[in-house]
Amino acid sequence: MRTLPLDQSVAMIPDGASLMIGGFMAVGTPERIVDEIVRQKKRDLTVIANDTAAPGKGIGKLVDAKLLRKAIVSHIGLNPETQRQMMAGTLEVELVPQGTLIERIRAGGHGLGGILTQTGVGTSVEEGKQRIEVNGKSYLLETPLRADFALVQAFLADYLGNLSYALTARNFNPVMAMAAETVIVCAEHIVPTGVISPDHVVTPAPLVDYLIANI
Amino acid sequence: MEAQTIIARRTARELRSGMLVNLGIGIPTLVANYVPEGMHVFFQSENGLIGTGAPPEEGMAHPMLTDAGGRPVTALPGACTFDSAMSFGLIRGGHLDLTVLGGLQVDQAGQLANWTIPKKLVPGMGGAMDLVSGAKRVIVAMTHTAKGAPKIMKKCTLPLTSTRRVDLVVTEMAVIAFPDGRATLLETAPNVSAAQVVAATEAELVVPQNIPEMAL
Numbered sequence: 000m001r002t003l004p005l006d007q008s009v010a011m012i013p014d015g016a017s018l019m020i021g022g023f024m025a026v027g028t029p030e031r032i033v034d035e036i037v038r039q040k041k042r043d044l045t046v047i048a049n050d051t052a053a054p055g056k057g058i059g060k061l062v063d064a065k066l067l068r069k070a071i072v073s074h075i076g077l078n079p080e081t082q083r084q085m086m087a088g089t090l091e092v093e094l095v096p097q098g099t100l101i102e103r104i105r106a107g108g109h110g111l112g113g114i115l116t117q118t119g120v121g122t123s124v125e126e127g128k129q130r131i132e133v134n135g136k137s138y139l140l141e142t143p144l145r146a147d148f149a150l151v152q153a154f155l156a157d158y159l160g161n162l163s164y165a166l167t168a169r170n171f172n173p174v175m176a177m178a179a180e181t182v183i184v185c186a187e188h189i190v191p192t193g194v195i196s197p198d199h200v201v202t203p204a205p206l207v208d209y210l211i212a213n214i
Numbered sequence: 000m001e002a003q004t005i006i007a008r009r010t011a012r013e014l015r016s017g018m019l020v021n022l023g024i025g026i027p028t029l030v031a032n033y034v035p036e037g038m039h040v041f042f043q044s045e046n047g048l049i050g051t052g053a054p055p056e057e058g059m060a061h062p063m064l065t066d067a068g069g070r071p072v073t074a075l076p077g078a079c080t081f082d083s084a085m086s087f088g089l090i091r092g093g094h095l096d097l098t099v100l101g102g103l104q105v106d107q108a109g110q111l112a113n114w115t116i117p118k119k120l121v122p123g124m125g126g127a128m129d130l131v132s133g134a135k136r137v138i139v140a141m142t143h144t145a146k147g148a149p150k151i152m153k154k155c156t157l158p159l160t161s162t163r164r165v166d167l168v169v170t171e172m173a174v175i176a177f178p179d180g181r182a183t184l185l186e187t188a189p190n191v192s193a194a195q196v197v198a199a200t201e202a203e204l205v206v207p208q209n210i211p212e213m214a215l
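Which chain is which? The protein sequence lines are A and B, in order. The opening residue of the first sequence carries number 0 in numbering that gives the first Met the number 0; numbering runs sequentially from there. The opening residue of the second sequence carries number 0 in numbering that gives the first Met the number 0; numbering runs sequentially from there.
A few of these clues could be false.
[What the hints assert, rightly or not] Dumping the calculated DSSO-like pairs for lysine-lysine here, alpha-carbon to alpha-carbon at most 27 Å:
id, chain 1, residue 1, chain 2, residue 2
1, B, K135, A, K136
2, B, K119, A, K128
3, B, K118, A, K65
4, A, K136, B, K154
5, B, K119, A, K65
6, B, K154, B, K119
7, B, K135, A, K128
[Claimed, not checked] If you anchor each label on the Cβ, the simulated ranges turn out as follows:
id, chain 1, residue 1, chain 2, residue 2, range
8, B, Q3, A, P4, 45 to 53 Å
9, A, Y158, B, P71, 30 to 38 Å
10, A, P4, B, G17, 44 to 52 Å
11, A, D43, B, N32, 41 to 49 Å
12, A, P4, B, K118, 43 to 51 Å
13, A, R83, B, I24, 15 to 23 Å
[Claimed, not checked] Cβ-to-Cβ under 8 Å is the rule here; a few derived chain A residues that face chain B:
id, residue
14, M24
15, S73
16, H74
17, G98
18, R105
19, T116
20, Q117
21, G121
22, A168
If you're looking for bench data, these hints aren't it; they were derived computationally from the structure. Small disclaimer: the values here were computed from a predicted structure and weren't measured. For glycine and all other residues, C-beta sits at the position ideal for the given N, C-alpha and C.
Please model the complete structure; the sequences and the hints are all you need to start from.
Now the structure itself:
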């Protein structure tokens, strides 16, 4: 794990990159990283996340700045700008049931070739997918998701990169920290190694590539 | 009594002590206001919380403690938090005793459409498909009609949320279940007749001889 200033961390992200971004309606989204992506005007991004939050909040800021080419998300209902860009054909949106989305990310990070779920069987979600019978029940084969970068918001990060999370800000973050080539973490608090007790480490340090330095 | 109050109060009578319950947005959220006194129910928010409590008092909101709509909530004593994989494992894995969801349409076999109106409203399904496919019991809490048009139809014209049959539909007029895949009138609201329910319903409704009044 290396500690880097915010601007250098974001400078590593090329235009056209795929990003997993933690957060649920911007709760648990690394806002400092999002703001810096907007400042550096990274373009043609593919974002994998639970939702696109709302205008001016979290991933909504990337939508406002028209930096996204594609969003793979479960919900855009609270962001009219995402819906507008989708209708206008400038932003491709792939809607995935939330439980399927997190499991596809988990599969990507855990070395699985996919997951089988009953969610979506017989609905429009099934289109183009393989249906597999197991013990008399029908499942959809859902393929794994990975990304170039995972942008993770933690509550505590220690000097080695061990992470813990707070309350409902955990959501997609620890699962995404397993599923990207490069993991960049922003933490509410950077604390000495040992402050997070071994039982309370949620994301182990070897998964973290870069920790964004305090200002 | 307002329609949504009738629906929420009647739905709350389906709660049992110790249940793990997920409430959807809108009328379903109101069900939490009518938990019978002395009963302990675990409410889940699918963003990663069991033990979801009422909104906090003014000035006490925590930016990292929210419900699935992103609104500040409180956490009751004994609450716990977890990631989204665990949250949906609870939902799909047979651990969620009950989900209460809103509805756009329900067909006479009990199939629900509640996530999109193509070309008009495309919010995304969020957790709705997982909840309907995975919860042990699914209750749809919705108004009986929309601008006078029946929402309980012969066949849903909107895209389905799941092919799994819901267990109960609670409206301001009636309680309807789907034994053997046939919409059946179980109860009528106070001052509502079975004939009025049939008139406001497009689905073929099985109407038994004696229909009790909804207890609120």
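So, going through the hints one by one against the coordinates:
Restraint check for K135/B and K136/A: the C-alpha separation of about 16 Å stays at or below 27 Å, so the hint holds. With a C-alpha separation of about 26 Å, the suggested pairing of K119/B with K128/A holds against the 27 Å cut-off. Our distance criterion of 27 Å between C-alpha atoms is met by K118/B and K65/A, whose separation comes to about 22 Å. A hinted pair counts as satisfied when its Cα atoms are at most 27 Å apart, and K136/A with K154/B qualifies at roughly 24 Å.
About 22 Å separates the Cα atoms of K119/B and K65/A, which keeps this hinted pair within 27 Å; it holds. Using a Cα cut-off of 27 Å, the hinted pair K154/B and K119/B holds, with the two alpha carbons roughly 20 Å apart. Between K135/B and K128/A the CA atoms are separated by roughly 26 Å; this keeps the pair inside 27 Å, and the hint holds. At about 52 Å, the CB distance of Q3/B to P4/A agrees with the hint of 45 to 53 Å.
Distance hint for Y158/A and P71/B: a CB-CB separation of about 32 Å, consistent with the stated range 30 to 38 Å. Under the hint 44 to 52 Å, the C-beta atoms of P4/A and G17/B, about 51 Å apart, fit the expected range. Evaluation of the 41 to 49 Å hint for D43/A and N32/B yields a pass: the beta carbon distance comes to about 47 Å. Roughly 46 Å separates the CB atoms of P4/A and K118/B, a value that falls within the hinted 43 to 51 Å.
Checked against the hint of 15 to 23 Å, the C-beta distance between R83/A and I24/B comes to roughly 22 Å, which is consistent with it. Of the supplied interface hints, the one on M24/A holds, with its beta-carbon coming within about 3 Å of a beta-carbon of chain B, less than 8 Å. Residue-level restraint check for S73/A holds (minimum Cβ-Cβ distance to chain B is 5 Å; threshold 8 Å). For H74/A, the shortest C-beta to C-beta distance to chain B is roughly 4 Å, which falls under 8 Å, so the interface hint holds.
With a cut of 8 Å, the hint placing G98/A at the interface with chain B holds, because the nearest CB-to-CB distance is about 3 Å. The criterion of a C-beta within 8 Å of any C-beta in chain B is met by R105/A, whose closest approach is roughly 5 Å, and the hint holds. The beta carbon of T116/A comes within 7 Å of a beta carbon in chain B, closer than 8 Å, and the hint placing it at the interface holds. At its closest, the beta carbon of Q117/A sits 5 Å from a beta carbon of chain B; the interface hint therefore holds under the 8 Å criterion.
Nearest Cβ of chain B to the Cβ of G121/A: about 4 Å, under the 8 Å cut. The hint holds. For the restraint placing A168/A at the interface with chain B, the shortest Cβ-Cβ distance is roughly 4 Å, inside the 8 Å limit, so the hint holds.
Of the numbered hints given earlier, the model fails none.
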